[in-house]
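Spelled out from the first residue to the last, the chains are:
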Amino acid sequence: MEKADIGIVGLGVMGRMLALNIARNGYRVAGYDLDADKVMSLNAAGDGKAVGYQILGDFFGLLERPRKILMMVPAGKPVDAVIAGLRPALDRGDLLIDGGNSHFRDTERRAATLEADGIRYIGTGVSGGEYGALWGPSIMPGGDPRAWSLIRPIFEAISAKVAEPDGTLSPCVAYIGSQGAGHFVKMVHNGIEYGDMQLIAETYDVLHRGLGLSALQLHDIFARWNEGDLQSYLIEITRDIFATLDEETGKPLVDVILDQAEHKGTGKWTSQSALDLGAAAPMISAAVEARMLSAYKDERVRASKFLTGPAPAFDGDVDAFVDTMERAMYAAKICSYAQGFGVLRAASEEYEYDLHYGEIAKIWRGGCIIRAQFLNKITTAFARDANLSNLLLDVDLGKAVEARQDALRQVICYATVNGVPVPAFSSALAYFDAYRSERLPANLLQSQRDYFGAHTYRRIDRAGTFHTDWAKIGQSAVSNQQSAVSNR
Amino acid sequence: MTEKCDIGLIGLAVMGQNLVLNMSDHGFKVAVFNRTVSKVDDFINGSAAGRTIYGAHSIEELVGMLASPRRVMLLVKAGKPVDDFIEMLIPLLDPGDIIIDGGNSNYNDTIRRTKYVESKGLLYIGTGVSGGEEGARHGPSIMPGGSPAAWPHVKPIFQAVAAKVEDGSPCCDWVGENGAGHYVKMTHNGIEYGDMQLICEAYQLMKEGLGMSNEEMHQVFAEWNEGKLDSYLIEITRDILAFKDEDGNYVVDQILDTAGQKGTGKWTGISALDMGIPLTLIVEAVFARCLSALIDERKAAEKVLSGPMATFDGDKAAFVRDLHDALYASKIMSYTQGYMLLRAAAEEYDWHLNYGGIALMWRGGCIIRSVFLGKIKEAFDKHPDLTNLLLDDYFKAEVEAAQAAWRRVIAKAVELGIPVPAMSSALAFFDGYRRGRLPQNLLQAQRDYFGAHTYERVDKPRGEFFHTDWIGSGAAATASTYTA
Numbered sequence: 058m059e060k061a062d063i064g065i066v067g068l069g070v071m072g073r074m075l076a077l078n079i080a081r082n083g084y085r086v087a088g089y090d091l092d093a094d095k096v097m098s099l100n101a102a103g104d105g106k107a108v109g110y111q112i113l114g115d116f117f118g119l120l121e122r123p124r125k126i127l128m129m130v131p132a133g134k135p136v137d138a139v140i141a142g143l144r145p146a147l148d149r150g151d152l153l154i155d156g157g158n159s160h161f162r163d164t165e166r167r168a169a170t171l172e173a174d175g176i177r178y179i180g181t182g183v184s185g186g187e188y189g190a191l192w193g194p195s196i197m198p199g200g201d202p203r204a205w206s207l208i209r210p211i212f213e214a215i216s217a218k219v220a221e222p223d224g225t226l227s228p229c230v231a232y233i234g235s236q237g238a239g240h241f242v243k244m245v246h247n248g249i250e251y252g253d254m255q256l257i258a259e260t261y262d263v264l265h266r267g268l269g270l271s272a273l274q275l276h277d278i279f280a281r282w283n284e285g286d287l288q289s290y291l292i293e294i295t296r297d298i299f300a301t302l303d304e305e306t307g308k309p310l311v312d313v314i315l316d317q318a319e320h321k322g323t324g325k326w327t328s329q330s331a332l333d334l335g336a337a338a339p340m341i342s343a344a345v346e347a348r349m350l351s352a353y354k355d356e357r358v359r360a361s362k363f364l365t366g367p368a369p370a371f372d373g374d375v376d377a378f379v380d381t382m383e384r385a386m387y388a389a390k391i392c393s394y395a396q397g398f399g400v401l402r403a404a405s406e407e408y409e410y411d412l413h414y415g416e417i418a419k420i421w422r423g424g425c426i427i428r429a430q431f432l433n434k435i436t437t438a439f440a441r442d443a444n445l446s447n448l449l450l451d452v453d454l455g456k457a458v459e460a461r462q463d464a465l466r467q468v469i470c471y472a473t474v475n476g477v478p479v480p481a482f483s484s485a486l487a488y489f490d491a492y493r494s495e496r497l498p499a500n501l502l503q504s505q506r507d508y509f510g511a512h513t514y515r516r517i518d519r520a521g522t523f524h525t526d527w528a529k530i531g532q533s534a535v536s537n538q539q540s541a542v543s544n545r
Numbered sequence: 020m021t022e023k024c025d026i027g028l029i030g031l032a033v034m035g036q037n038l039v040l041n042m043s044d045h046g047f048k049v050a051v052f053n054r055t056v057s058k059v060d061d062f063i064n065g066s067a068a069g070r071t072i073y074g075a076h077s078i079e080e081l082v083g084m085l086a087s088p089r090r091v092m093l094l095v096k097a098g099k100p101v102d103d104f105i106e107m108l109i110p111l112l113d114p115g116d117i118i119i120d121g122g123n124s125n126y127n128d129t130i131r132r133t134k135y136v137e138s139k140g141l142l143y144i145g146t147g148v149s150g151g152e153e154g155a156r157h158g159p160s161i162m163p164g165g166s167p168a169a170w171p172h173v174k175p176i177f178q179a180v181a182a183k184v185e186d187g188s189p190c191c192d193w194v195g196e197n198g199a200g201h202y203v204k205m206t207h208n209g210i211e212y213g214d215m216q217l218i219c220e221a222y223q224l225m226k227e228g229l230g231m232s233n234e235e236m237h238q239v240f241a242e243w244n245e246g247k248l249d250s251y252l253i254e255i256t257r258d259i260l261a262f263k264d265e266d267g268n269y270v271v272d273q274i275l276d277t278a279g280q281k282g283t284g285k286w287t288g289i290s291a292l293d294m295g296i297p298l299t300l301i302v303e304a305v306f307a308r309c310l311s312a313l314i315d316e317r318k319a320a321e322k323v324l325s326g327p328m329a330t331f332d333g334d335k336a337a338f339v340r341d342l343h344d345a346l347y348a349s350k351i352m353s354y355t356q357g358y359m360l361l362r363a364a365a366e367e368y369d370w371h372l373n374y375g376g377i378a379l380m381w382r383g384g385c386i387i388r389s390v391f392l393g394k395i396k397e398a399f400d401k402h403p404d405l406t407n408l409l410l411d412d413y414f415k416a417e418v419e420a421a422q423a424a425w426r427r428v429i430a431k432a433v434e435l436g437i438p439v440p441a442m443s444s445a446l447a448f449f450d451g452y453r454r455g456r457l458p459q460n461l462l463q464a465q466r467d468y469f470g471a472h473t474y475e476r477v478d479k480p481r482g483e484f485f486h487t488d489w490i491g492s493g494a495a496a497t498a499s500t501y502t503a
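Going down the list, the protein sequences come from chains A and B.
Using my numbering, the first residue of the first sequence is number 58, and each one after it goes up by one.
Using my numbering, the first residue of the second sequence is number 20, and each one after it goes up by one.
Quick caveat, the hints were computed from the structure, so don't treat them as lab data.
All values derive from a computational prediction rather than experimental measurement.
Warning: the hint list may mix true and false statements.
Straight-line C-alpha distance at most 27 Å; calculated DSSO-like pairs for lysine-lysine [said to hold, decoys possible]:
#, chain 1, residue 1, chain 2, residue 2
1, B, K96, B, K281
2, B, K479, A, K456
3, A, K354, B, K401
4, B, K479, A, K321
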């Protein structure tokens with residue numbers, strides 16, 4: 058084989074698909090994996106343009122300098138192990154890229170160590186699943202901008218493309234920002250994905266369990282929704298899922314699948330980062346927590362026989378309610394994206410990533426799991442105001458929620474009264490209602506903190522911090538001996 | 020000073036001074052030191068005058084004043100100051116001596132420090148102390164964890180100064196190994212965030228939704244404090260709502276509605292996510308504080324985003340009764356979640372937590388003290404292995420009795436446009452927990468569709484994983500070029 062333009066370490070599904078994608082776009086790829094089966098399976102499909110090796114020396118010998126090596130291995134220790142294995146053979150100026158779902162802090166640590174030795178490092182998000190990796194993923198690279206220019210042609214070639222109204226094709230890849238920015242943005246992408254999926258799951262629950270609609274009816278509804286505001290990959294695959302029958306039982310396949318979801322990694326990290334940054338992301342967190350609750354399957358089965366609640370019923374106009382549901386989901390979705398972009402903004406300020414929010418929305422339009430035409434509206438919003446502090450303050454997006462709030466309220470009221478859990482919908486509405494409130498009850502909270510901890514407070518009418526000796530009035534809580542909880 | 024001191028305390032801020040005064044009230048002899056040494060003399064000549072409190076002007080002097088095994092308690096700022104004092108103390112102490120950290124340290128630091136201090140032949144305690152300044156003075160809730168061998172040596176002091184419940188039981192008992200005490204204190208603070216947020220939501224519903232005056236709300240909280248909600252936070256809310264300044268204005272109305280969320284509340288949420296525990300209410304409470312901090316943005320948003328037209332036109336007294344039940348049921352959910360977290364942490368860190376004992380520690384002295392915690396104590400007394408509070412007969416009956424009102428309150432808040440994130444997340448948790456079947460089967464189908472993540476089936480044994488070629492089975496979502 059001639060010299061390879063790029064090397065890929067880790068030939069699992071994602072690594073192999075990316076290798077084939079790169080080869081199809083006219084580059085030569087050398088792959089490396091310890092597993093003979095994985096090497097063989099790349100070679101079988103690689104047509105001589107993507108060739109796998111089991112011996113590191115063979116793999117290294119083929120790489121054009123400066124070497125460009127993409128690691129596609131599970132996040133965590135495996136990445137450190139691969140780096141340690143490659144490190145002795147790397148020279149100054151070589152480029153190492155981590156294309157897995159690494160935590161942005163790990164990426165920053167690794168970049169600092171390698172860059173100190175003159176080795177370039179990029180941490181990049183790659184979204185789109187197996188299919189996207191082969192035919193065009195959305196790619197979110199972050200790190201040293203000079204390193205980015207080395208890999209840019211290949212990434213632009215293999216990424217998904219979006220056809221703009223003028224006919225030009227935009228690649229779904231852009232340089233995201235310094236340090237761990239690429240992995241941070243991918244993490245938030247996944248958090249938003251959790252949110253989108255949870256809204257769909259709750260919608261399914263309300264319509265299926267509440268209104269009694271069948272999988273086939275849901276298929277038709279999602280097919281229709283995929284032509285409107287909600288058009289997106291996740292709505293599209295949900296449509297397909299509802300039409301898929303189980304070969305064994307003849308039932309809709311979705312009905313025989315266990316209701317217990319995974320919740321490790323990026324979704325959880327998004328919530329944790331939001332908490333850490335003090336950026337409100339309640340709906341995304343509610344989605345993560347809903348998966349956690351789903352994992353309590355056995356305990357839930359026990360509880361279902363012990364705890365009672367209302368039995369869901371519906372006696373209204375089904376078609377009208379389905380339309381209401383569509384409007385509600387769109388409103389909640391905007392609130393979720395407002396939170397996701399809020400986390401990005403907080404991180405960009407805190408970590409000096411210098412993120413370009415409109416660009417991020419743009420590269421999410423194709424290839425990735427949350428791809429949707431809706432993302433154009435976010436790009437447009439940031440084009441109108443690059444410093445937009447919250448999507449809800451954009452004239453289009455904010456008004457879209459405002460105009461649909463009646464639907465959102467109606468759905469939540471129905472679910473609340475009928476005992477169908479809608480944590481994400483409720484959380485989205487509470488976020489909207491809190492965000493548009495000039496006055497929140499935190500004044501009482503500050504009074505309480507000042508009362509028990511002398512934490513002081515600020516006033517609405519003048520500058521400075523103040524403290525009140527609340528206990529001095531007659532019926533002080535602390536001195537009240539009538540209190541059931543005495544404090545001797 | 021004829022005999023040596025029972026304990027030494029470093030850090031004479033208000034909490035430290037009050038705790039020392041409390042110890043001397045109970046007959047203990049206390050040696051004190053502060054980095055700014057003038058504070059020592061001010062204290063000794065001030066409020067400590069005539070008491071069994073003795074000043075030291077150096078750490079060496081302090082250590083020399085202590086009976087063996089020496090007990091040195093730090094009440095300094097969390098973080099580096101704690102590590103600094105530990106380093107200074109280690110060379111001065113003998114095997115078996117005890118260093119106690121009484122600040123709000125992160126439990127991970129306490130785990131690390133316990134190991135480190137023990138490696139030097141000493142014993143370590145990291146303890147939560149809750150109750151604010153007044154609590155420290157007259158009886159805090161104390162939650163010690165660390166080296167088990169240290170506990171018998173501090174137990175008499177800690178249990179003497181701690182708050183007591185009606186039957187005289189102290190609000191202090193051994194929590195568990197290494198970081199367990201600080202973990203339980205952190206969870207206490209998370210629950211405190213939740214309780215405060217619930218009260219805020221009830222307040223806003225009454226104020227904005229029903230248009231009630233401070234005086235009317237004061238009456239409501241006074242009444243609530245006589246029943247199931249009887250607790251310190253309801254009690255101080257009652258007082259706050261009646262409090263007027265010299266000009267006759269209600270102080271609560273003058274206070275800016277923006278709250279901080281640094282530290283323990285946030286740590287509780289982050290830890291819960293790590294453990295896989297749906298701590299939904301507390302996380303909403305933390306985020307509610309984040310939103311309150313965006314005061315300028317909210318002002319801008321209020322101008323462009325309008326809410327619903329609905330106004331309240333029902334029976335106010337009936338709604339306030341519903342609100343009581345909603346607050347109570349939500350509170351049960353929050354504590355249920357908090358206890359789920361403690362259970363998960365105990366497994367993760369191999370702590371042997373006494374859940375009933377923790378409820379007793381929180382029963383008095385601390386910020387979340389309440390009659391309600393007595394009920395939790397009873398539930399664990401009945402069933403020490405209780406996996407979840409909602410599986411206890413008492414709490415089941417209470418929630419079921421409250422749930423109709425709870426649902427009415429949330430529906431009304433949703434209709435009126437008043438945010439109730441904590442109450443609604445609590446209800447969603449209840450409705451999810453009591454469901455044998457949740458919609459996550461669809462989610463698993465989606466994950467298998469786009470990522471071949473596989474799924475399990477309801478009609479096959481667990482641990483058997485299936486994958487479907489969804490794309491081959493129907494109209495596939497397969498474009499690689501998209502239209503903008």
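Which hints, by number, does the structure contradict? 2
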